[in-house]
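Use these hints to put chain X onto chain A, whose structure you have.
Protein chains in written order, with the UniProt record's numbering: chain A, 1 to 282; chain X, 1 to 719.
Check each hint, because a few of them may be wrong.
[To be verified] With beta-carbon atoms standing in for the labels, derived distance ranges: (1) L176/X x A128/A: 40 to 50 angstroms; (2) F596/X x A128/A: 55 to 65 angstroms; (3) E146/A x W715/X: 14 to 24 angstroms; (4) E146/A x A507/X: 49 to 59 angstroms; (5) R258/A x F596/X: 23 to 33 angstroms; (6) V500/X x D73/A: 28 to 38 angstroms.
[Unchecked claim] Incomplete in silico selection of chain A near chain X, CB under 7 angstroms: (7) P94; (8) G98; (9) S241; (10) G245.
Hints are computed from structural coordinates only; laboratory data are not their basis.
For glycine and all other residues, C-beta sits at the position ideal for the given N, C-alpha and C.
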Amino acid sequence: MTTDDLAPALQGTALRLGYHGRTVVQEASLRLHAGEVTALVGPNGSGKSTLLRSLARLHRPDAGQVALTDCADALALSAQDFARRVTLLSQHRPTPSGVSVRDVVGYGRHPHRGRWRTQDPDGPRAVAWAMEVTGTTAMADRGADELSGGELQRVWLATCLAQDTRVLLLDEPTNHLDLRYQVEILDLVRDLADDHGVAVGVVLHDLDQAAAVADHVVLLRSGEVVGAGDPVDVLTSPALSETYGLRVDVVHDPVTGRLTTHPVGRHTTRTRARTPELAVAH
Amino acid sequence: MTTASVTPAGGAARGDAPGPTSDAPGSPAAPSGGARLGAVPALRVAAVLAAGVTLVVVLGLVDLTLGTSGIGAGDLLGLLTGGAGGEAEQTAAVLVASRLPRVLSALLVGVALGVSGAMLQSVARNPLASPDTLAVNAGSYLLVTVAAVTGLTLPFAATGAVAFVGGLGAAALVLLLSRGGASGPTRLVLAGSAVMLALSAVTSLLLLLFEQETIGLFAWGSGSIVQSGPEKVVQAAPAVLVVAAFAVARARRLDLLALGDDTATVLGLDVRRTRVEAVVVAVLLAAIAVTVAGPIGFVGLCAPAIARLVAPLAPELHRHRLLLPLAALAGCVVVLAADILLRTFLPGTNGVAVPTGVVTSVFGAVVLVALARRVRDSSPVSAPSTSRGRGPASRRRFLVVTSVLAALVVATVVGGLLLGDTLLLTGDVANWLSGRSGPGVTAVLDQRAPRVLASLVAGAALGLAGTTVQAVCRNPLAEPGLLGVTGGAGVGAVLLLVLVPGVSIWAVTGAGALGALVAFALVYGLAYRRGLSSDRLVLIGVGVSAGTTALVTIIVVTSSPWDSTLALTWMSGSTYGRSFAQSLPVLGMLLLVTPFVVRARRDLDLLALDEDVPRVLGVPLERTRLGLLLASVLLAGSAVSAIGVVGFVGLVAPHAARALVGARHTRVVPVALLLGAVLVGVSDVLGRTIIAPAQIPAGLVTALVGTPYFVLLLWRTRA
Numbered sequence: 001m002t003t004d005d006l007a008p009a010l011q012g013t014a015l016r017l018g019y020h021g022r023t024v025v026q027e028a029s030l031r032l033h034a035g036e037v038t039a040l041v042g043p044n045g046s047g048k049s050t051l052l053r054s055l056a057r058l059h060r061p062d063a064g065q066v067a068l069t070d071c072a073d074a075l076a077l078s079a080q081d082f083a084r085r086v087t088l089l090s091q092h093r094p095t096p097s098g099v100s101v102r103d104v105v106g107y108g109r110h111p112h113r114g115r116w117r118t119q120d121p122d123g124p125r126a127v128a129w130a131m132e133v134t135g136t137t138a139m140a141d142r143g144a145d146e147l148s149g150g151e152l153q154r155v156w157l158a159t160c161l162a163q164d165t166r167v168l169l170l171d172e173p174t175n176h177l178d179l180r181y182q183v184e185i186l187d188l189v190r191d192l193a194d195d196h197g198v199a200v201g202v203v204l205h206d207l208d209q210a211a212a213v214a215d216h217v218v219l220l221r222s223g224e225v226v227g228a229g230d231p232v233d234v235l236t237s238p239a240l241s242e243t244y245g246l247r248v249d250v251v252h253d254p255v256t257g258r259l260t261t262h263p264v265g266r267h268t269t270r271t272r273a274r275t276p277e278l279a280v281a282h
Numbered sequence: 001m002t003t004a005s006v007t008p009a010g011g012a013a014r015g016d017a018p019g020p021t022s023d024a025p026g027s028p029a030a031p032s033g034g035a036r037l038g039a040v041p042a043l044r045v046a047a048v049l050a051a052g053v054t055l056v057v058v059l060g061l062v063d064l065t066l067g068t069s070g071i072g073a074g075d076l077l078g079l080l081t082g083g084a085g086g087e088a089e090q091t092a093a094v095l096v097a098s099r100l101p102r103v104l105s106a107l108l109v110g111v112a113l114g115v116s117g118a119m120l121q122s123v124a125r126n127p128l129a130s131p132d133t134l135a136v137n138a139g140s141y142l143l144v145t146v147a148a149v150t151g152l153t154l155p156f157a158a159t160g161a162v163a164f165v166g167g168l169g170a171a172a173l174v175l176l177l178s179r180g181g182a183s184g185p186t187r188l189v190l191a192g193s194a195v196m197l198a199l200s201a202v203t204s205l206l207l208l209l210f211e212q213e214t215i216g217l218f219a220w221g222s223g224s225i226v227q228s229g230p231e232k233v234v235q236a237a238p239a240v241l242v243v244a245a246f247a248v249a250r251a252r253r254l255d256l257l258a259l260g261d262d263t264a265t266v267l268g269l270d271v272r273r274t275r276v277e278a279v280v281v282a283v284l285l286a287a288i289a290v291t292v293a294g295p296i297g298f299v300g301l302c303a304p305a306i307a308r309l310v311a312p313l314a315p316e317l318h319r320h321r322l323l324l325p326l327a328a329l330a331g332c333v334v335v336l337a338a339d340i341l342l343r344t345f346l347p348g349t350n351g352v353a354v355p356t357g358v359v360t361s362v363f364g365a366v367v368l369v370a371l372a373r374r375v376r377d378s379s380p381v382s383a384p385s386t387s388r389g390r391g392p393a394s395r396r397r398f399l400v401v402t403s404v405l406a407a408l409v410v411a412t413v414v415g416g417l418l419l420g421d422t423l424l425l426t427g428d429v430a431n432w433l434s435g436r437s438g439p440g441v442t443a444v445l446d447q448r449a450p451r452v453l454a455s456l457v458a459g460a461a462l463g464l465a466g467t468t469v470q471a472v473c474r475n476p477l478a479e480p481g482l483l484g485v486t487g488g489a490g491v492g493a494v495l496l497l498v499l500v501p502g503v504s505i506w507a508v509t510g511a512g513a514l515g516a517l518v519a520f521a522l523v524y525g526l527a528y529r530r531g532l533s534s535d536r537l538v539l540i541g542v543g544v545s546a547g548t549t550a551l552v553t554i555i556v557v558t559s560s561p562w563d564s565t566l567a568l569t570w571m572s573g574s575t576y577g578r579s580f581a582q583s584l585p586v587l588g589m590l591l592l593v594t595p596f597v598v599r600a601r602r603d604l605d606l607l608a609l610d611e612d613v614p615r616v617l618g619v620p621l622e623r624t625r626l627g628l629l630l631a632s633v634l635l636a637g638s639a640v641s642a643i644g645v646v647g648f649v650g651l652v653a654p655h656a657a658r659a660l661v662g663a664r665h666t667r668v669v670p671v672a673l674l675l676g677a678v679l680v681g682v683s684d685v686l687g688r689t690i691i692a693p694a695q696i697p698a699g700l701v702t703a704l705v706g707t708p709y710f711v712l713l714l715w716r717t718r719a
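Isolated chain X (complex conformation):
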């Protein structure tokens, strides 16, 4: 059953039948505004909103009493009751210059990101959409980094301006590529994610290459609400309020949009214009937030999600006119609570070193996961179907694509052995193979060959894992990281790197694999309640992975900021210094798991449709899902442990495969696997050749190489 369990009070009465039934007379009017609100629902709405406001006020006041200067609640009270003298003056100065701006910026960021994320999720009809999805944060981070690298020493206010321009520019690029979101929400979020990953890759690259110039930027990249004065907040506040008020005033249109493009059009809504307008407003809000506090991540995702999860308390809250303010409140709560947590548990300088954005991720993740556990099985089947492929492709096309990819794999192996800081000839390789090469060549190839193998098998594993996860989660933005694999492996590996300096790469690999498994067990365990619901899995997965990823940053920043390069390299995905032995687990996993996935290829076709079809056709749903998810975890976990985090492949390879050969997994599986191998393989070769003898981690090049190709594919298969 797809009917929501609650009929919105005052809305059009719905029949028992989900979907378009012909018999229901249905009231022709759209759900009207709050006019028909009964007394009790209105009270409940007011109660929920009042509770939210109270919480924000309390948190705001508590946050005012916290800080590095040791001025506490008593001093502030004294100021309030008219205390005079130097001490009071000092208190007032701290309050005006630091505390108030900080709390205000928390509120501004919370409101801006909450509203922005709620709008984007509604437009995209995808709970994984957020300002980050449109590359706003990635764009601003990149431009600020570029400014730092090019030696522009900017005053603090100017950094904000640069961030604003970067954020808007990146979002404009995404909108351009997806034709302003007019060509459909799926295309918008996919193009956005790809651009976001590519820009982040460039940023990481710059951070790695220009370590000296960019000191401190790693932390800026996580966002901080700390302010050095009231100016920025004072400037930004009117903008946020005006834009947010505009958004709320126009919120009715989002209600209509939520009914589906067709229904909305019938009800007299210009769907394209509404979508573009909402996206532009959301981008503006996110860009202002970046200006104020840097790229604070995850608030834009979790605040609206929290608002939607709270909304069933009073069904009226599902209306965007109320949902947007609720999301704003949730955003404020998350940011303020994160700041309070940070200052309570990491007092002193550590509290300054750890960026707010990281703690918002952890706190937001915990709240999101706790609430998401209550998502019911029967929540409306969100059908943001997978990207529209090119329709059923011919068998010949499949064979051609597969052969070309296979040839490319061979070419990658050959190229990977010959290219690099030293150019070799095929004769050298032949000699090396027969054990007759000179010591120089032997040294180079002994070091190169394992890397080629590592990149190929890891790429293949990630491509395969991504295909499986996307089919099981039925969400085009799903990727293996969603199962907690990436974040879990990161926590495991970085924790070990930090705790035991100079530990062997083997131990790091093992710790990473262990972390991945633990994180997945957490995601699955929390999401399973009398069955697995895709919605619940996706929300909890995104919560756990955001939380663990933030934990990695906390570990790095608090333990040894000067080691951040090491962690950053690992997190960027690198094949540097890999031995054959390290690729073996991935290779073994690939050989072990691939047959299992191939065997389940038809199950994947059915799982990707909905919950009913596979069950009607005799797929043991829970067992198959768990098996396939576990397969992805093993594949992605081993790949991450071997070469670090390469996030792009798992997301993009399956989409590209579908665009090339249609949606049947009999064909998608081999193509995605080969695509993944080629993508990471080629990226690794490029990464250690272009700026040789310096090297770029393969994970970064993958995003750089893959994005243009992926955007091109999206462009060509547009409806």
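Only chain A is shown next, with the shape it has when bound in the complex:
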């Protein structure tokens, strides 16, 4: 899959977003490119989720445009056509009762299905693949209301993947997952971008994860984009300290080249000072 940097797969331009007349995001622009992962980071209430939801047409912008590669006005597209191109793993994941996990993942084929046909040709393959890569195949026949929070989250991610879209938006995809699945899901996100040319937009709270997985990072504060670009350029100690209102140290591992952030709390220095001698002194 070739990456076309000139035409973004999905772009929001000058989006103004709000709730009941209260503006939450003003004049934000965002471009998601095919084959690239863009991470949205920022404090609580900075408008990350709202921005992501507006790109998925779940939040009607008060001003601004949303455009797709093949469609200048994505807001005018039919619901089904849009759902074939863009999907979102919402933060609110309902627990369906009385249906199996396979049924829920099968929901993802909804936009691809004709109204009367019971199956679409690619359906079974897409569902099987989505369940495999999210590690949900083993629970296919269980009831969706018997799952744990993390399991259910992977099932909904599988539903998004079964949708087989060129744009994948994820709202905190790792927040209920154990260590293994956090890593696996982020690996999967990387694979989707690298191997399948999917354009990924992901809201993450873990800055280290964002730095590790993303090609671009967008830093938001109080509804404004205060930084966008390469993780190394955006996730700097001054910018993060200013944004989060807390001292944040940024360390670049010289060996792996990985970027790690260290928020400095009131007790952080004490923890550091707990050297063996001091421990004895206690």
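Only chain X this time, still in chain A's reference frame:
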């Protein structure tokens, strides 16, 4: 977004993220009491409450000046300023014996039902819950009716006692069936609604069968605050005050309960005990209210709803410690204002004939609808999910269930043709079909066959309509009546029956259909504001349907009380005297709409989840919802027009279907449709066979037959 737009002042600060986010540090303390109230919020709370109290006092004083005796404000003022003489004495007598007790009973009923409803709605986490939902009113109405039928002529006070016992008994039955509400709020309100419908059916049946003995009870059934003396009020007042004070004192626990079972448990609340305690207190209050004024409907539903809609004025009011008194005030306002309206616009004897409960429904409905229009789209996604089915069912199970139901439909057709006041043989039917039967058999079958068809198609239509409405509204208590269909059709049909005596059944059908469509247009039009929110739709729907249903009663009572049997029969749902031609609209609608619903079966799966999932998966939300709601209206409207009001099927058939074959609508739709057909079909056969040659309307039998089965299903699928 699911976050409420207002962060409660003094409560725990919430992050931007709805749902369980891991990052928010979150203060570990529960929202503490009013201790951290800032000065301004406290002022606003005080202002709202003071406004409420003032309104109640003013309304109470105005109500004191109204009545049949012609004693007005001037006379009362004269009494106050120490006027003497016979006239003043007479004024005082009226005041003590009639006016004061009436106003006091209005206040008592308002407080009791307001608090009771607010508690039940919090426990059930469902804005449709109310004392009626727990069958309190239905139980008392039934026992009073039974007393009347069995010839017990009771003094007025004893009627109150009977009502009290009946209300408590019915609620106890509901609590027993739902294990005291411990097995979850959804189960509680579902069991309650089913029992309520069954008991009401028995009551209606008795009213129809024992017309002479039960004269006047139809009106009692709507509740009236008119008192013949101060005794009852004086007895009830301390009880209401003590129980209500207890409720307010324990209200903090309801705040915790509102956070969800898990959070509440973590915060040290015994969830089960709290739930049972709250339900018992609510039932007690409702039972006292019934004792004082008969079953005054809808106050218990709309007063808390109004309180919740007013509460955003000062967020602190969402706390139950303040919300319960606010609901009590709202209850008083509704009852008093209804009484004043009644006495102003229907002075004289009509004002006595029209029960207060009916006017409270109309007035409460108007207020509720007006306020509910302001409910915002982003109000917290209430997720009282549909009843827990049995999990994903196997394909084999689905096939078995469908085949059994299909066989039952056939059996119903055969049984329906053979059974009734005259027993026939299959040979008679064969002869009739080939046109070789004798005149007697021909007459019977010509009259019977259309009824069988009418009951089957109407039942199927209602089952299908209920499935659709429940999925779209995402509320397990939703049913087609919620769209205003039933009430609207009732108003249309009864209005015509009353205005044009002896009008043809065709015209009644047409008027009913028209009324249904108008009522739905009203509900949808009022609920649509930049999109449809389920919460808004449900609240406005319940308001409009309660208002229209009350209008039916007003029309019947004011125009021709002696015609109430006719209206009652129609409202009970009957297939009596139906011709093939009358079933045709329903059949046509069924053939037309069923493919549309089947086509949208996967949309229904998604719509039943939340607002996001269907949109992410490419369902054009508003268009699909409107289409599906309209489909339900056409189905239910035509069914109601053909056989009258059969409320039970639309509520219960979808739940039963889910319990049988899981929640996927590919399976639920056909099963609910067949279940509806069988339920009404069998009920119709039973209704005209059991006490032949007399007949019981199918709608009543449906509730009687359906309830035990439904309760059994609920019992078997309990968590």
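- Taking the beta carbons of L176/X and A128/A, is their distance inside 40 to 50 angstroms? 48 angstroms, holds
- Item | Beta-carbon spacing of F596/X to A128/A - inside the hinted bounds 55 to 65 angstroms or not | About 32 angstroms separates the Cβ atoms of F596/X and A128/A, which means 55 to 65 angstroms is violated.
- Can we keep the G245/A interface hint, with Cβ of chain X closer than 7 angstroms? 14 angstroms, violated
- Query: Is the hinted range of 23 to 33 angstroms satisfied by the C-beta distance from R258/A to F596/X?
  - Reply: 56 angstroms, violated
- Message: Quick check on a hinted range of 49 to 59 angstroms for E146/A and A507/X, using CB atoms only.
- Response: 54 angstroms, holds
- Message: Would the hint on G98/A be counted as holding, given a Cβ-Cβ threshold of 7 angstroms to chain X?
- Response: With a minimum Cβ separation of about 3 angstroms from chain X (threshold 7 angstroms), the hint on G98/A holds.
- Query: Using the C-beta atoms of V500/X and D73/A, is the stated range 28 to 38 angstroms upheld?
  - Reply: 55 angstroms, violated
- Message: Checking hints one by one. Is P94/A an interface residue toward chain X, by the C-beta closer than 7 angstroms rule?
- Response: 4 angstroms, holds
- Message: A range of 14 to 24 angstroms was offered for this pair. Does it hold for the Cβ distance of E146/A and W715/X?
- Response: Roughly 21 angstroms apart at Cβ, these two residues keep to the hinted range, so it holds.
- Item | Interface hint outcome for S241/A [beta carbon to chain X under 7 angstroms] | Result: violated, 18 angstroms to nearest chain X Cβ.
Violated hints, listed in ascending order, are 2, 5, 6, 9, 10; each of the other numbered hints is respected by the structure.
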